[in-house]
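**Student:** Okay, here's what each chain looks like letter by letter:
2 protein chains.
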Amino acid sequence: MNKVSIISIGDELLIGQTINTNAAYIGEKLTALGYEVLKTFVVGDSKEDILIVLREAESISDFIFITGGLGPTHDDITRSCILQYFNTRLVFHEETFERIKKLFERRNIAMPEINRDQAMVPEIAKVIPNDYGTAPGYDIEKDGKRFFVMPGVPHEMKGMMESTILPDLKRLIQSKGIFYNQILLYTTGIPESALYSKLQDLYPLFEEVKVAFLPSQFGVKIRLSYRSESEELNLKKIKFVEEKIYERVGDYIYSNEKPAIEEVIGIILTEKKLKLAVAESCTGGLLCDRITNVPGSSNYFERGVVSYSNESKIQILGVNPETIKTFGAVSEQTAIEMARGVRNISNADIGLATTGIMGPTGATETKPIGLVFIGYSDKNREFAKQFNFADNRIRNKERTSQAALEILWRMLTGREVN
Amino acid sequence: MNKVSIISIGDELLIGQTINTNAAYIGEKLTALGYEVLKTFVVGDSKEDILIVLREAESISDFIFITGGLGPTHDDITRSCILQYFNTRLVFHEETFERIKKLFERRNIAMPEINRDQAMVPEIAKVIPNDYGTAPGYDIEKDGKRFFVMPGVPHEMKGMMESTILPDLKRLIQSKGIFYNQILLYTTGIPESALYSKLQDLYPLFEEVKVAFLPSQFGVKIRLSYRSESEELNLKKIKFVEEKIYERVGDYIYSNEKPAIEEVIGIILTEKKLKLAVAESCTGGLLCDRITNVPGSSNYFERGVVSYSNESKIQILGVNPETIKTFGAVSEQTAIEMARGVRNISNADIGLATTGIMGPTGATETKPIGLVFIGYSDKNREFAKQFNFADNRIRNKERTSQAALEILWRMLTGREVN
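Heads up: the sequence lines are chains A and B, in that order.
Residues 1 to 418, numbered by our numbering, are exactly what the first sequence covers, in order.
Residues 1001 to 1418, numbered by our numbering, are exactly what the second sequence covers, in order.
A couple of the hints might just be wrong.
PhoX-like, lysine-lysine: derived pairs with alpha carbons at most 25 Å apart [what the hints assert, rightly or not]:
1) K1236(B) to K1198(B)
2) K1258(B) to K1236(B)
3) K1237(B) to K1170(B)
4) K1029(B) to K1210(B)
5) K1029(B) to K1176(B)
6) K1210(B) to K47(A)
7) K236(A) to K176(A)
8) K170(A) to K210(A)
9) K1325(B) to K275(A)
10) K1003(B) to K1142(B)
11) K1047(B) to K210(A)
12) K258(A) to K29(A)
13) K1325(B) to K1385(B)
14) K325(A) to K1275(B)
15) K47(A) to K1003(B)
16) K102(A) to K158(A)
17) K1198(B) to K1210(B)
18) K1047(B) to K3(A)
Reference listing, derived: stretches of chain A covered by chain B, where coverage requires no fewer than 3 residues with Cβ under 8 Å from a Cβ of chain B [claimed, not checked]:
19) 75-81
20) 390-398
Some chain B residues near chain A, calculated using beta-carbon distances under 10 Å [what the hints assert, rightly or not]:
21) I1026
22) A1032
23) L1038
24) F1041
25) E1056
26) E1302
27) V1306
28) K1313
These are computed hints drawn from the structure, not numbers from a lab.
Note that the coordinates shown come from a computational prediction; the quantities given were computed from them, not determined experimentally.
Think of the CB as a built atom: it goes at the ideal place given N, C-alpha and C, for glycine as much as any other residue.
Kindly generate the complete structure, drawing on both the sequences and the hints.
**Tutor:** Pasting the structure below:
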């Protein structure tokens, strides 16, 4: 009775022009409410194919989510499929007409005839208003099944989900006495297999509270979830396992709330009233970019220097030319001098630096692609740590930036840097 | 006879933990060869569901691509579904066993029993070797239909596609006398609607050569494609329309080959032996990051300064404190002085600078979120251009970096900057 199918409509999805992020979004949100997503169908702009998958989705599920093909142009055929499938007709929807009219008024554009037609909606449907575009969504109930029809433009679809559909479906499932809760533990600096084996003695517990390991390029997320007739019970069960996991691998968990380590770092720097300065060679700006993606980062991020050339390392950061000559630009010594240099010139409390060989060129006999040194400097401690990321250029940059942020987070939280 | 279905297997896809990039990749590559992708099915790790979609996919298509569920753990059930569906049995595959053994030897790890089992393959299958992981792929032919079964790990799947499947399917479709060709024209700095209306008189041509407009956050791609029994004819037809498009909107087309404008810029800077230096305030490192994503960028990218604080603008770049006091850090004057400053200190030929208000905080009565100035300086010319990107923080950073790169490209190619 909580089974869901998703139908994504559009040629652009089949030919790979557009990646189907909508289905992932809908799947994630509904799973988090306790619904069970069974299947996703992707079909092109073909009436026949759409009608076939509608029948199929209805036969296996209670809730059917349909996105795409509601635009005003000739290849948007979802509405006419709905008319045929439900054997209904178009009626004029005053509120939608007024909403679309206002949208164009705000943009100072005369409303094109093609958009006027979008106020005609299937008689059987309850209209879901669109806060971000012209096409209305439809909420259709038939024989105990619910169909939600939405535009394919992601932020229009998400607007409808968040303002109307998700709150409604949350009430609905809770009224049936089903509660689902989950938390995510964000780890970094430890591979999935090592994490898994450190938690070995907890496996029996994982059969009760559902535990999943989700690796990404920046770390492994651990998801704990529980479903029962009581929210209180769920939270208690999850908490119990969460604490056991923290006991074993808490050293690698940077948050149970914030997905990005740079955000966690921002909160700590703000609390401790510390300023950060960064000197990047091999990461080429990515490290600063990630730090400044956090709103309010100008409060603690003082400056960054992308010292790509040796001259810039010497001239701006004050790295000793002899250091570069003796040990090379990619060395422990240079990394430390870069971190110290950027801290000194900026009067920041902490200096962080990266230098390495990202590839595909630049390797030498003693310095292979992926060799990286990350330098750290504050008033009490200076060091550089070596890494070997034998990956491609972009991945090497990503992994280096993550390792640098991990070192910073470890120092800020009094953890060991090994 | 060229109809394709894709089956993506895995709970992680349904619950939105993983976005289905595999289906987009397969769809794009097969479309480019001239195949027609009809449908994608996403199902969880359920034997029953997998068998149902296998039957369905077989009934509507000639080529069925299956990814996911080939790993060594208990929830990887694709292989046993294949055994049941084709009524075949497992046989030991010597070459695969040797390949997996070597993989572990290279990593200096003893081969676990669980991986040994992966050398057992369905008797009916031709093995597709995996260059990047343990699980072999299967190529199965039955009643004139082809099934390709691959792991879900994207780079393992892509490795099999590129080394084995795509070359094979290219020969196959060409042997049937079907040729498909396409080119992409990459534009920037012009919205889809404006582009479309500038090409109005060409619409009749678009019915013959298929033309599609593909907007993204960095610009609009125009795809021209043609399918016939002759590659020569395809290229001639496409060339004819391409030239007409260049005549009308060539001013916005930065490449018909390279997707990233930073790569095009890199080629020009290398050819002209010019050095670039960058001063970023609001983009916070993103502009340098994009420039240094290009292999070999150290040949022309001298340095970048992420001058987030006013002190760093004054101290490193030599911006006049009076300029900031009088006009503000977000102003035409400051943008020009930043560009000039970074060029001067680095002896680069070109200085490029960004300053703006990215949000969500930092707006004032006269300076709203999204206000941006991009500064440019070379030995002949200095200017700053104003933009108003009223978007969210991340999008504002992306749009500003793109606008800066567009200005640089326009200056390097002798185009107007309006």
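**Student:** Evaluate each hint against the coordinates.
**Tutor:** Each hint, compared with the structure:
1. K1236(B) to K1198(B): Holds, at about 23 Å.
2. K1258(B) to K1236(B): With a Cα-Cα distance of about 21 Å, the restraint between K1258(B) and K1236(B) holds, given a limit of 25 Å.
3. K1237(B) to K1170(B): Holds. K1237(B) to K1170(B) sits at ~21 Å (cutoff 25 Å).
4. K1029(B) to K1210(B): holds (17 Å)
5. K1029(B) to K1176(B): holds (18 Å)
6. K1210(B) to K47(A): This hinted pair holds, its Cα atoms lying about 21 Å apart.
7. K236(A) to K176(A): With Cα atoms ~21 Å apart, K236(A) and K176(A) stay inside 25 Å; holds.
8. K170(A) to K210(A): holds (21 Å)
9. K1325(B) to K275(A): holds (23 Å)
10. K1003(B) to K1142(B): Roughly 15 Å separates the two Cα atoms, so the pair holds.
11. K1047(B) to K210(A): Since the Cα atoms of K1047(B) and K210(A) sit roughly 21 Å apart, the hinted pair holds (cutoff 25 Å).
12. K258(A) to K29(A): holds (17 Å)
13. K1325(B) to K1385(B): holds (20 Å)
14. K325(A) to K1275(B): holds (23 Å)
15. K47(A) to K1003(B): Holds, because 17 Å separates the two Cα atoms, which is no more than 25 Å.
16. K102(A) to K158(A): holds (21 Å)
17. K1198(B) to K1210(B): holds (17 Å)
18. K1047(B) to K3(A): holds (17 Å)
19. 75-81: violated (count 0)
20. 390-398: Answer holds; 3 residues pass the 8 Å Cβ test.
21. I1026: With a closest approach of 7 Å, the I1026(B) hint holds.
22. A1032: holds (9 Å)
23. L1038: It holds, given that the least Cβ distance between L1038(B) and chain A is near 7 Å, below 10 Å.
24. F1041: At about 6 Å, which falls below the 10 Å cut-off, the nearest Cβ of chain A leaves the hint on F1041(B) intact, so it holds.
25. E1056: Constraint on E1056(B) satisfied, holds at 8 Å.
26. E1302: Check passed: Cβ of E1302(B) comes within 5 Å of chain A, closer than 10 Å.
27. V1306: Nearest chain A Cβ about 3 Å off; hint holds.
28. K1313: holds (9 Å)
Violation of the numbered hints given earlier is confined to hint 19; every other hint is satisfied by the structure.
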